[in-house]
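Got two chains here, separate frames each, mind docking them using the hints?
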Amino acid sequence: MNRAAASHEVDGGPLIRATSDRDVLAEAAGLTVGYGGVAAIENVSFRVRRGERIALLGPNGGGKTTLLRSITGEADRISGSLRVSASWATVPQTERSRLDYPVSALDVAVMGSLASLPWWRQPGRRERAAALQALERVGMVKLAGATFGELSAGQRQRVLIARGLVQDAGLLLLDEPFTGLDASSSDRLETLIGALATEERGILIATHDLEQARRWDLVVCLNRRQIAFGPPGEVLNLAVLEATYGGAIVAIPDSGGLGILPPHHHHQS
Amino acid sequence: MLDPFQLPFVQRGLLELLILSIPAGLLGTWIVLRGLAFFSHAVGTAAFPGLVLADGLGFAAPLGAFGAAVAFSAGTAVVARRRPGDQDSLTAMVLVGCLAIGVILASDVFRSGSNVETLLFGSLLLIDGRDIALAAAAAAASLGAAVLFGRRWLAAGFDPTAAKSVGAGAPYLQIALLGLIALATTAALSVIGALLVAALFVVPSATARLWTSRMLSWQISSVVLVAVEGTAGLWLSVKTNAPPGATIATLSGAVFALAAAARAMPRPGRRTCLSAAVAAVAFLVAGCSSVASNDSGKLQVVATTTQIGDFVREVGGNAVAVDQILQPNTDPHEYEPRPSDIEGAAGAKLVFANGDDLDAWIDQVVSESGSEARIVDLGAAVPVKLPGESSGAEASRYDAHWWHDPRNAEAAVEEIRRALIEAEPSNAAEFRRNADAYLGKLRALDRGIAKCMDSVPATQRKLVTDHDAFGYFAKRYGITVVGAVIPSQTTQAQPSAKDVSDLVNLIEREGVTAVFPESSVSPKLAETIAHETGASSDHTLYGDTLGSKDSSGATYLQMEAANADAMVQGFSGGKRSCSIHGIG
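Protein chains in written order, with this note's numbering: chain W, 1 to 269; chain U, 1001 to 1584.
Since the hints were made in silico from the structure, they are not lab data.
Derived list of chain W stretches under chain U, where covered just means 3 residues or more per stretch with a C-beta under 8 Å from a C-beta of chain U:
| hint | region |
| --- | --- |
| 1 | 79 to 92 |
| 2 | 101 to 107 |
| 3 | 110 to 119 |
| 4 | 162 to 169 |
The following residues of chain W were derived to be distant from chain U, with all beta-carbon distances above 12 Å:
| hint | residue |
| --- | --- |
| 5 | Asp23 |
| 6 | Glu27 |
| 7 | Ala29 |
| 8 | Arg50 |
| 9 | Gly51 |
| 10 | Pro59 |
| 11 | Glu190 |
| 12 | Thr191 |
| 13 | Leu192 |
| 14 | Gly194 |
| 15 | Asp209 |
| 16 | Asn237 |
| 17 | Gly246 |
The beta carbon of each residue, even a glycine, is placed where N, CA and C say it ideally should be.
So here's chain U without its partners, still in its complex pose (with noise of 0.2 Å):
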């Protein structure tokens, strides 16, 4: 039953939970009586610009994240002085100004490609000391600033005009609010990112408001509910492997919707109802068998992208269990880990990943595991490199799309063969037999490739892509990149109005016959383009991900073929196809 909480990495998400309780729990009771709800939420979304600073300056994200929050915070406080009037719609004129900073910032100045989404992002199975220093420090303050400027708080919001003769109104006050939710919602970006915050601060307190009337219960009440929901919410998604701020997001949603309808009902009503609930409950719980194991005496290892996993289990066969991270379809540019990612790593002996900055983020997984598996960078074994985007202070220094040359996969096919055999000597044979048929079918599909492209005239080997997914692909079969509907190797950038002309005009100008969607970005770009040039749309190509079990592109193998028969028919006007033997 609590077995989830014998895990080092949800030990340690509790207590960040445990600690941001007391701040979420007592500016909850203030967000909700204030009417801050909505600033609250933006609080959180206008940090954005900061962590773009932080990203491409190289300085700690929490701190950018705190400064625009701060900023965000007194900003808003300066324009309702100036302009008393709905705190609400001041809060969206503030907060719209800092997302358009935040999305000129990362696409013009750093062109770093991050959008809102990944940088506020969060999760409770990847937290730090530096996370929990944070959340202790809000918990702080908020308990300090509660106890100085509670009762003023107090006065000023249940008399807005008498705040002022009462003392009540000094400006500090009201800032003093204003920031301590700013650090606090700071502090639970890395827990619950930026989205989910009012699962934590609004939820639990109108929850609490619900069934207390004096607000020292009601803020007793809120820190016990947003622990109580919190702990739950974390345990059930150990239990059911999903993410964990989305869990307790429902959880604490539906807590309210309970209580909402039990205070509505009549009273003989509500025993009914609320045994209902608790039954409802049960059964969920008892229908969330734990994750399992069932492959032990295999050897275990991680693999991070779909086409890792593909090598590692062709390579590995029967004698290893491949715990892969990213699911066919899903973007590599956005992961949110899952617990049986962080319980598989801590497992593993090995753990296969793509390098190039593209899965940064396992190495945080890993630490997070307390696992000892060492990390196997593929991506600095492979003999092609391609120079990745130059500017912003993360960009990577190789493009890290490496797979699209099979002579690449090659040589992450022979490094997976060496770390194996390494891991467990007692296999090599068949890790060794495995990885030579595998490597004969590899350049098979490398000849296949150069052959189809071969019967297309090179002037007409013209590719116009969602993103700059395919460099090394083109490099390799003499295909020349004209442009990308993204203009960048991530699929998380914007492009611009003029971005989008010059490509139409680049296409014009180029005689450029298809634009190829990918099978993992929205087409909508790339159609729109098409129209727009009389160009084709109709081919997809897998860029960074393999798709689905019974799709054309399930393994690497079929990926790559239908890339070059997309191609091939997108360059020939559908005149050409290429179908590839010595591959099946």
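Just chain W, same shape as in the assembly (with noise of 0.2 Å):
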């Protein structure tokens, strides 16, 4: 664990140094990844932090889910070195066979208390308190009762972050977290995020919106390979964008920002 990674020149990218910094989280050195021997992303270096949020940042099918994918052990690590060294939680897309599950609230929260416990042991009453605290944490204890199903999509993302907190997991992996929320609902789970952030979590986010990823602390600019990484403010270029949305980058104009043109004009929601 203590093998320090090599220097590596990345297109596009800034230098990663060898480090044995204790707060890093997660590092990817000319990391490609795939599924059965046939690379989805190439060449992705960075490196999460504590109490760093960093926007995973590409069109879809730009390789987002797949470098989350990475760290869970569900793509296939091809070339180049990938090093996770904090337990990891996941707040994945709703699917809808998890909409069906005869579970509530607390019960997926209780989830994350599985894993502290050797398998002969049960969640017991000291779990199901620390689950209720999670859920107090984001907002959920009320509905702690509720069918995990119906609840709102904000909502739900909320009780999978609280999971990830039963878990006390040092890096929440969030895939397009934003998706389907209404304005309050995202704001709400933004302030969620900043507050989880100072608590020395890193925190990864899908996101395919220009907008969300300016609001992070870094990130990553994918489309099949890494375009970018580091600061929105310095990395966020016409150059990058049109590098990772493949010309569809128009400049707005009095506000001196970039707005992405979405494919085929649907109405984004």
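Structure below.
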């Protein structure tokens, strides 16, 4: 584990220096991952430290979810290195199958406690208390008894975050957490993510929304390879965005900002 | 109302069902939740090669079934790890492998002739202590595992991605779940048979899922529902004299359909719908009159096969009430007991059996009924015996189709007469009178057939049938058995491509003019071979069973005369026929 990563010069990316920094939760160097030996994203190099909120920005199919999966072990590492030195928790997109599950919000939060229990032990009063505390933290304690599938999308995200808190994960992986959320739910989730970062957790947030990405500490731009990695103010320039989104970028007059032309001009919810 | 539950064999079935409701209900929720319905169905069927091995090598069947089911589960788990994908496709792949191994083992290694349906068959009416112990073990294991692993199974199913990070992704959890399903379905095999396992393991849980929203309440209602549906189905099956497994399956399917329909209804309509359903059930129950025996005062006897039933009726006349288990045109190799068979055995003083493994199930039926009846093995009393199939631990010493030699029928009738007189000496005179008259007809039959056959040159008497059932007939009347479409004495074996082509060559070389299909076996194979060789397949033989009441083979005498006529016509290319006098 103490193996120091060698320095890598990455196209369009910053120089990653060898480090034994205790604050580093995960570090990728020249990482290529994919499925069944076929690369989905190539040459990714970035680092997550405690307290950092990092956006994974890119178009659909750009490899954001694959990058998260390389951390969870669902995608295969083809070359390069990936070091994950913290426990991780995922907040996946909600699938239909999950909505059908006969579980309450509290049941889901309690699942986070299984990791620290030996196989013969069942969650007891202490684990329930910890789960309720986590639900309190995400503002869901009043709905602890509600069926998970009947909650709103934003409420479900917060319950899944509570599960990660019970797990006491150092690294939270959020896959498109803002999709389908209304404005007040979005604000609430954003505040929560901010608060979690102040607790020294590292947070990876996959998003295809440029405005979202601007609000976090760092951004990794992905389009089947790493386009850029750095603070949003530095890396989110026209060239990087064009490379990320494949030319569908327009400068927005008067605001001095940049916008992405959504593909096929459909309405984004 | 509750009278069926006073019968000891029904009580044992009920106990078995109530014990099984625990693993079925508990695991059922996991099967439904984790999408393992097809797996749970397949694992019972995949026990087939294990049962063939147990049969061939002579060890306990549940052990073979469980071994094969565990190997199947492990196989699916391994394949699923190597090639993640749709569980159902993987299950199907491994299942096909298991079935193929089973068929090859059965047909080519042990030549046991057993097929999937017969080995994977079960009946709630034939439960013994071993079945109950196995069910209890499955219940204890499921209960323990549900408490121990339930939370982790739930977490892994809820979020497979996160499973590893929350400590629910360990391989032992999935293996434990699949292994338990294997154990529980194996325990249920002897009860409901592999084909209906879903009636206990899937349907009730899927039904209970409709009105529960938490794991615990779902599991409890699912266990209760299995117990209630099982009890009701068993009761109904005794009342209607239907096979219990099928009754329970039908009932659980109907309850699911009703529950789903009620759920889809708007609230005000639900009450009407439910009362209509209750009324329908009440009507059904009222319509099911109990099976009453109105033969009081007569000597009660059981006969296993149609021809033995015929003999016993001839000898017994009006003094004997015969409960004949196999019905016309059913194949004795495929038998599932009905409640009335066991009730009949319970009240019987004598049970007449064919012996030579044709009706080996009768011992279990009699012991299950708690009957004191004496089993008379007629096969042991007949003078002419031909060797049975040689290989396989279960192969019988003698060919079981002894009745096709009328001299054997005579000996059987004499044995029946002896047994009836011993059981009821007061009617001895009538039994003797009946038997003498019938023995005279049997001798006339024997002479008549011999005469008919003499009208065909011996070189033309070449017999190709569906299965090797006519050895005794052929030997008695100088007929050469060239071959059989199914190269075995049981109808359950499958011929290989080489068997078929060998037979076709043989038929052409020997100049066989006719292939004879059997009345109770599908004529397809015989017709195909006849078509291939230019032989005729127009003449049907009665092999293992009498024909229905208005057929040309309704009694033993008619059956053998019809066979003789069919053979003479077939051998002579339709130029000759055979009618026998003195048997009508």
